Structures are given as structure tokens and as C-alpha cells.
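Chemist: Whenever a hint applies, use it, and build me the whole structure from the sequences.
Top to bottom, those sequences are chains A and B. For the first sequence, counting from 1, position 65 maps to 65 in our numbering; every step adds exactly one. For the second sequence, counting from 1, position 172 maps to 172 in our numbering; every step adds exactly one.
What the hints contain is simulated information worked out from the structure, not anything from laboratory work. Watch out, some of these pointers could steer you wrong.
[Unchecked claim] Simulated pairs of lysine to aspartate or glutamate, DMTMM-like, Cα-Cα distance not exceeding 25 angstroms: (1) A:K18 / B:D284; (2) A:K170 / B:E293; (3) A:K50 / B:E293; (4) B:K398 / A:D41; (5) A:K139 / A:D41; (6) A:K139 / A:D62; (7) B:K265 / B:E227; (8) A:K50 / B:E227; (9) A:K50 / B:D364; (10) B:K332 / B:D284; (11) B:K446 / A:D124; (12) A:K151 / B:D364.
[As the list claims (entries may be wrong)] The following label-pair restraints were derived from C-beta to C-beta distances: (13) B:E298 / A:T93: 28 to 38 angstroms; (14) B:G439 / A:E148: 36 to 46 angstroms; (15) B:R84 / A:K180: 49 to 59 angstroms; (16) B:A470 / A:G24: 52 to 62 angstroms.
[As the list claims (entries may be wrong)] In silico contact screen, one side only, chain A against chain B (beta carbon under 8 angstroms); selected entries: (17) Y6; (18) K55; (19) D65; (20) F80; (21) P87; (22) V91; (23) Y99; (24) V101; (25) L111; (26) S122; (27) D124; (28) R126; (29) L156; (30) I183.
Computed from a prediction, not measured in an experiment: that's the story for all the values here. Just so it is clear, CB atoms sit at the ideal spot from N, CA and C, and this is done for glycine as well.
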Amino acid sequence: MECMSYSLRCAMIVDLLKKMRAQGSWCGETHIQKAMYISQDLAKVNFGYKFVMYKHGPFSFDLKDELSAMRASGIIEFAFTHKGYGPSIRVTTFGERIYTVNRENIENCNLVNDFVATWLASSDVRSLERIATAYYVTKKNPRDPVIERAKKLNSLKPHVDLVAAEEAIKIIEQKREQAKREIPLRCELHAEVL
Amino acid sequence: MRASPLYPLAGLTGRFGPQIAPSNPRNVGHKEHKENIYYLDLVIYSVAIRQRGGKIMKHNHEFRDPIHTFISLRTDERRVVDSRPFQRLRHIHQLALTYLVYPGATHKRFEHSLGVMHLASRIFDVVTAPENIFDDSVRRIIPDEEAKRYWKSVLRTAALCHDLGHLPFSHAAEDQLLPDGYDHERLTKDIIRSPEMLEIWETMTPRLRSDDIIKLAVGPKKADPLELDTWESILAEIIIGDAFGADRMDYLLRDSYHAGVEYGKFDHNRLINTLRILPLSYADTDEPALGLESGGLESSEGLMVARYFMYKQVYLHPIRRVYDIHLVDFLKSWLPNRIFSTKLKTILGMTDIEALAAIRKAYDTAKSSNYALAKRIECREHFRFFYSASPSDKDGGKLIPGRTIAAAAEASFGRAAIRYDYVPPKSSAPNFPVRRYDGTIESSLKLSPILEKLPAIEVDTVYCDKSILADAVRWRQENAAKLLDLE
Numbered sequence: 001m002e003c004m005s006y007s008l009r010c011a012m013i014v015d016l017l018k019k020m021r022a023q024g025s026w027c028g029e030t031h032i033q034k035a036m037y038i039s040q041d042l043a044k045v046n047f048g049y050k051f052v053m054y055k056h057g058p059f060s061f062d063l064k065d066e067l068s069a070m071r072a073s074g075i076i077e078f079a080f081t082h083k084g085y086g087p088s089i090r091v092t093t094f095g096e097r098i099y100t101v102n103r104e105n106i107e108n109c110n111l112v113n114d115f116v117a118t119w120l121a122s123s124d125v126r127s128l129e130r131i132a133t134a135y136y137v138t139k140k141n142p143r144d145p146v147i148e149r150a151k152k153l154n155s156l157k158p159h160v161d162l163v164a165a166e167e168a169i170k171i172i173e174q175k176r177e178q179a180k181r182e183i184p185l186r187c188e189l190h191a192e193v194l
Numbered sequence: 001m002r003a004s005p006l007y008p009l010a011g012l013t014g015r016f017g018p019q020i021a022p023s024n025p026r027n028v029g030h031k032e033h034k035e036n037i038y039y040l041d042l043v044i045y046s047v048a049i050r051q052r053g054g055k056i057m058k059h060n061h062e063f064r065d066p067i068h069t070f071i072s073l074r075t076d077e078r079r080v081v082d083s084r085p086f087q088r089l090r091h092i093h094q095l096a097l098t099y100l101v102y103p104g105a106t107h108k109r110f111e112h113s114l115g116v117m118h119l120a121s122r123i124f125d126v127v128t129a130p131e132n133i134f135d136d137s138v139r140r141i142i143p144d145e146e147a148k149r150y151w152k153s154v155l156r157t158a159a160l161c162h163d164l165g166h167l168p169f170s171h172a173a174e175d176q177l178l179p180d181g182y183d184h185e186r187l188t189k190d191i192i193r194s195p196e197m198l199e200i201w202e203t204m205t206p207r208l209r210s211d212d213i214i215k216l217a218v219g220p221k222k223a224d225p226l227e228l229d230t231w232e233s234i235l236a237e238i239i240i241g242d243a244f245g246a247d248r249m250d251y252l253l254r255d256s257y258h259a260g261v262e263y264g265k266f267d268h269n270r271l272i273n274t275l276r277i278l279p280l281s282y283a284d285t286d287e288p289a290l291g292l293e294s295g296g297l298e299s300s301e302g303l304m305v306a307r308y309f310m311y312k313q314v315y316l317h318p319i320r321r322v323y324d325i326h327l328v329d330f331l332k333s334w335l336p337n338r339i340f341s342t343k344l345k346t347i348l349g350m351t352d353i354e355a356l357a358a359i360r361k362a363y364d365t366a367k368s369s370n371y372a373l374a375k376r377i378e379c380r381e382h383f384r385f386f387y388s389a390s391p392s393d394k395d396g397g398k399l400i401p402g403r404t405i406a407a408a409a410e411a412s413f414g415r416a417a418i419r420y421d422y423v424p425p426k427s428s429a430p431n432f433p434v435r436r437y438d439g440t441i442e443s444s445l446k447l448s449p450i451l452e453k454l455p456a457i458e459v460d461t462v463y464c465d466k467s468i469l470a471d472a473v474r475w476r477q478e479n480a481a482k483l484l485d486l487e
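Modeler: Dropping the structure here:
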């Protein structure tokens, strides 16, 4: 898979942020981390973010650095809008400009971001952690029975009990099937287009 | 036998000192003298634990250290320090060629690694103390006493080993002089799994698993395919965490001390004493994370401000950075196949000493093909910077303007006369849980405007050969705005 350029990656993140917000998401860093993890996998495009098991499930240090760089460049900013929550990420006017300049080149990824935003925007951190970790475990052990994957999830995140883990794995099964239907072969084209 | 203040090694046995204390320190036999020199930096006071057959056996050892005063370690940890891979760190400069700009910055990875072990151990004791744990979600992840002893030993060992895989001159040459897929963390993993080190882990008490050492030494980002659970992630964060990892604390304090730059200081003792493992209740998750009591918030701000100034003043100093580039130029030309070997035997035999000797030799031989490259380093004939991006340079939509300037400058002046340096903005806003006086938990970024507002630092600089500096400056004045779509 080809790796996207920095400008396109910025535009992709801005696109995801805008769509998550439009669906009512609070848009903290955890939301972007987990949504981008699933988005990158479904789009079959290498955004250049390597994910490992860490804070609240799959986590990319590359993406963390990228968000930091985007904040430094004035593309995004932090805002404290929800009582009790940590910072929420907002797109700035400059970020909108970067998005506009690159919008055409990321059009083929729109479908994936739409799908992921609709799915995850209303989730809180607790359920994002469950879902993204279930996705991670399923991706790594696709042929294991549901219960085995649930046990694996529980061993990685002991505060997620087995019942909740099993439920999360089943949701992933359904969503992956739904993604296959709703985001057909177009995903395969992305790497060439981008 | 009693140690005297004049001769602290007296009275100790075996490899740790002479068996019979000389009445006069000057009358030390040759063999004893050699041993004492070898362990000159290991000051052993009488902390003898037990006696066997009239000989005193020691189990605790201490290093004198300019930052932490004394650093203690156990006998089995001494085996790690005495190993060939660890002793090699005595010859790897912590800050590469920074000493050409800050002459005092000649310290090595060896003492830094000891310092990281010392701080990590202190942090572990604070965050696992029962009186510092307030929530069941945290109590659940803390193991029982026996497992705690095991993990403390793993943590200390991992802290000692976290830099074992560094190439000569630390980070300076790493990106460009290793094959794809390799970095110093991967080499660190290879060394921790090497037969020499496996033998040490086997004989330690408790016996240590090499995978556990690796997880904590390189952290979740580089441990792949190993996976870290919540407890292991927190322990790894104690060593290499962004917000208050022992690695960061030690290098800021140590680098500022040696460079003679006061900015790196902060109240690390207060910071360590206020560290806690806390639930992230404000973020709606049950997974605990490393955070701190609100009383330590100013110390944490102090660390981040220190980091900011150290990056501005030392680590990203433009002349220091261009010496890294010249060093890479030389090493590329000098090394077989233009890259470092990843064979452990070769890596372990390669330090700054070998590379510096090669630079001196090339400079002493005017006919050497590497003469000009060596001369840049030996005679301070480094390139000069003629363009450094300002925030407004991005207004035309080019997010990395220096890259555009460098490409155009190369076309005008030739590739040999231009060098480009880019470092993306470093993360500057650590988000961690803070426990307030009323027991509620809040995000650090919400409580601290300093942490939230601290600017990121970016390097986007173009250098040119000294001989064309005036032309390059004139060229930049005439062309930069057009190249960056700012007209």
C-alpha cells in the first residue's frame, strides 16, 4: 500500500473530524484514534499510522504526533466544551483551507469516513475502547471463535468483563459485514488514486 | 575490617576491593590498584550485609552521580552494568557532537542509564505504595507483593537497558544509517535477547523474562509483536512516558547540568512524590493511567517548560543540528555499504571512539577521500543556515515551506552546497489525570493553561556552504515569497 502525503493525511483527519462532529461527537483524541484505526483498515489505504495496543485499545503514536503537529500548524485546536471531559478537537479556519485545497484528492475515502463517523460518533470512551479493542483482536485472530477473541480482549483489558467483550466482538462481526456491503470494491481503488 | 573515609574500598572482598586493607592507601598492590581503578566510579561504602568465612559479602553498591548524588544497585544488577553491552555505553555520547557547541556536554549514555534506573525505581515505590492508591480500579491492576517485587526488578533492569541499542553518537545517525525496519529500539531488543544477556536474566533473583524487560525498555510503540496490558503500559510509561517518564526527567536534568544550561532544571523530587496511578473517570473509561496529585502540577509544568527551553536552546540548536548532518555525511562515506551493520558483534564493537578516530585520521590525511567531510567537523567549517521557516510562511498553503526552499536552492546552487533539516513539531500538551484536593479527577490540560498553551517547536531549516552564504541569502530574499505562494 502506498503511503499518503502529509497534506492529504491532514485533509483526511479534518474530514473525519468534521463528520464525527456533524454526527454529534465530542471529538476527543481517543475518538479520533479509534475512528482512524478502523477507517485506515476499512479503506485499505496506508495513512502511515502504525497502531499498537495501548491506551484504551489500539493506539497510534504516529497519529498522536500528527495531531500534535497539526495543532502546532494551526490546523486544529483544543477546546474544553464538555463539563468534566478532557480537550475536544476542533478544525480551525486554516484547517478548513487545507481541507478545501485537498478535498478532491480524498474524495474516494469519503465513504469510509462517513461509515465510521456514523458508527462511532455517539460512543463514549468506554465503548470506543471496547469496540476498537474487539476490532484489533478480530483483525489479529480472524478465525478464532467469538469466545476465544472475547477472552483475548479481556486479558488485554481486564476491566472489560467477558460478557461485554463477547458482545463487542459480535458487533465487530456485524459491522465488518455491513462495511463489505456498503463500502464495496471502491476501497481497493483508494491506494491507486491516492 | 573497617572502611576508612580515606580509603572506602578497604575491607571489601573479591572483585569489589582488596581483601586486606593496606595501612597506607598508597601501598596498594598492583592487582588491587587495578581493581580499584576499574571500579573508581563505584564508590562502595560499608553496606556489608553478611559475612562468610571471614570475608564480607556485599549486596548493595553505590555509584556517585552529579545529578542524584548516589545511585544504588544490587549485586545481580551489577552483572548487567558489568556486561559488555552496558559498558559500551561509556563510549556513546549522550548528545552526539553537541560538545562542539556546548563544550561541557561530553557525558555518556552510561550514567544516563543509571540515572533512569534510579528515578524509575523511586517512581515505582511511590505509585505502588498502598497509601497512594485511592480507587478499586487501580487496586485491581496492582499485583501481589511477590509479583510486585518481580516487576520492580524488571522495571529497574529495563531502565538500565533502555538505551543499549544506541548507535555511535546516539540519535544523530540513526534515521539514515540503518537498514529499513531497524532503529535503536530494535537493536536494544536484540541485545536483551542475546545469549550474553539471557544468561544474566537467568541468574537474577527473581529470574527475569527477557520479553518483560523488552516491553518496559522500549514501550508499547516498539515492543511489537509483544502486547502490553494496562499494568505493563503504566510501568513502561514510568520509564519512557512523555509527561513524566524517568528517561525524560534524567536527560533534562543531566543534559542541562553538563551543557551548562540552567533551563533544564525542575523540581523532580516534588514531581515524583506526587505521581499516582489514577482512574480516568473524567474521560468515561475504567482504564487507569499515570497521573499526579494537583500539588505536583507546577512541577509537571516545570518539566514541560524545561523541555521546551532545552529543545529550543540545546537539542534543536541550528549549529548542533548541522553537525549531525555533517556527521552523517562522513559516516555514510566511511562505513562499508554506507550503513551500520546490524550484526550484534559489529554493533557492540562500534562506539563514538572508533568513529571519532576515523574522523581525525581522515583529517590528518589531506589525500583521504573523506578529508573534506572530516574537516567540516574538525575545523568548525560547518554549513550556515540561510532559511528557517516562520509560521506566516505557511500562509500560502505549503505546510513544510523549508522543503520547497531547499529543493529550489539545490537546483540553483547544486546539491553539494545545500543541506536541509526538518523535525516535525514535538508533542507539547500532555493530557494526564490530576487528582484535585477534593478527590475529583480532572484533565491536566483543563487545569493548567501552561501545559495547554506551551508552543510546539518545529525545525524547518535550510543550510548552505559557508562560501556561498551571501549569495544564498540574496537568493532567498528574491525568491522565497514567490516559491511559497505568498505574493
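Chemist: Now tell me, hint by hint, if it's right for this structure.
Modeler: Outcome of the hint check:
1. Straight-line distance between C-alpha atoms of K18 (chain A) and D284 (chain B) comes to about 22 angstroms, which keeps the hinted pair within the 25 angstroms bound.
2. Between K170 (chain A) and E293 (chain B) the alpha-carbon distance is near 40 angstroms, which puts this suggested pair outside the 25 angstroms criterion.
3. Restraint check for K50 (chain A) and E293 (chain B): not satisfied, since their Cα atoms lie roughly 33 angstroms apart, outside the 25 angstroms limit.
4. A threshold of 25 angstroms between alpha carbons decides the hint, and for K398 (chain B) with D41 (chain A) the separation of about 28 angstroms lies outside it, so the pair is violated.
5. Using a Cα cut-off of 25 angstroms, the hinted pair K139 (chain A) and D41 (chain A) holds, with the two alpha carbons roughly 9 angstroms apart.
6. Annotation: proposed proximity of K139 (chain A) to D62 (chain A) holds, straight-line Cα distance about 20 angstroms (limit 25 angstroms).
7. Between K265 (chain B) and E227 (chain B) the CA atoms are separated by roughly 35 angstroms; this puts the pair beyond 25 angstroms, and the hint is violated.
8. For the hint pairing K50 (chain A) with E227 (chain B), the CA-to-CA distance comes to about 14 angstroms; that is within 25 angstroms, so the pair holds.
9. For the hint pairing K50 (chain A) with D364 (chain B), the CA-to-CA distance comes to about 46 angstroms; that exceeds 25 angstroms, so the pair is violated.
10. Distance check on the hinted pair: K332 (chain B) and D284 (chain B) sit about 51 angstroms apart at the alpha-carbon level, beyond 25 angstroms; violated.
11. Using a Cα cut-off of 25 angstroms, the hinted pair K446 (chain B) and D124 (chain A) holds, with the two alpha carbons roughly 19 angstroms apart.
12. A hinted pair counts as satisfied when its Cα atoms are at most 25 angstroms apart, and K151 (chain A) with D364 (chain B) does not qualify at roughly 65 angstroms.
13. With their beta carbons about 34 angstroms apart, E298 (chain B) and T93 (chain A) fall inside the hinted range of 28 to 38 angstroms.
14. Checked against the hint of 36 to 46 angstroms, the pair G439 (chain B) and E148 (chain A) passes, with Cβ atoms roughly 40 angstroms apart.
15. At roughly 54 angstroms, the beta-carbon separation of R84 (chain B) and K180 (chain A) lies within the given 49 to 59 angstroms, and the hint holds.
16. Checking the proposed 52 to 62 angstroms range against A470 (chain B) and G24 (chain A) shows it holds: the Cβ atoms sit about 58 angstroms from each other.
17. The criterion of a C-beta within 8 angstroms of any C-beta in chain B is met by Y6 (chain A), whose closest approach is roughly 6 angstroms, and the hint holds.
18. For K55 (chain A), the interface hint holds, the least distance from its beta-carbon to any beta-carbon of chain B being 7 angstroms, beneath 8 angstroms.
19. Annotation: interface hint on D65 (chain A) holds; nearest CB of chain B at approximately 6 angstroms, less than 8 angstroms.
20. Annotation: interface hint on F80 (chain A) holds; nearest CB of chain B at approximately 6 angstroms, less than 8 angstroms.
21. For the restraint placing P87 (chain A) at the interface with chain B, the shortest Cβ-Cβ distance is roughly 5 angstroms, inside the 8 angstroms limit, so the hint holds.
22. With a cut of 8 angstroms, the hint placing V91 (chain A) at the interface with chain B is violated, because the nearest CB-to-CB distance is about 15 angstroms.
23. This hint is violated: Y99 (chain A) has a C-beta 11 angstroms from the nearest C-beta of chain B, more than the 8 angstroms allowed.
24. Because the smallest distance between the Cβ of V101 (chain A) and any Cβ of chain B comes to about 6 angstroms, under 8 angstroms, the interface hint for this residue holds.
25. The interface hint given for L111 (chain A) is violated, since its Cβ lies 26 angstroms from the closest Cβ of chain B, which is over the 8 angstroms cut-off.
26. Given the 8 angstroms rule on beta carbons, the hint for S122 (chain A) is violated: about 13 angstroms separates it from the nearest Cβ of chain B.
27. Restraint check, D124 (chain A) versus chain B: the minimum CB separation of about 4 angstroms is within 8 angstroms; hint holds.
28. Checking R126 (chain A) against chain B: minimum C-beta separation of about 5 angstroms stays under 8 angstroms; hint holds.
29. Checking L156 (chain A) against chain B: minimum C-beta separation of about 6 angstroms stays under 8 angstroms; hint holds.
30. A hinted interface residue such as I183 (chain A) counts as satisfied when its beta carbon comes closer than 8 angstroms to some beta carbon of chain B; here the least separation is about 27 angstroms, so the hint is violated.
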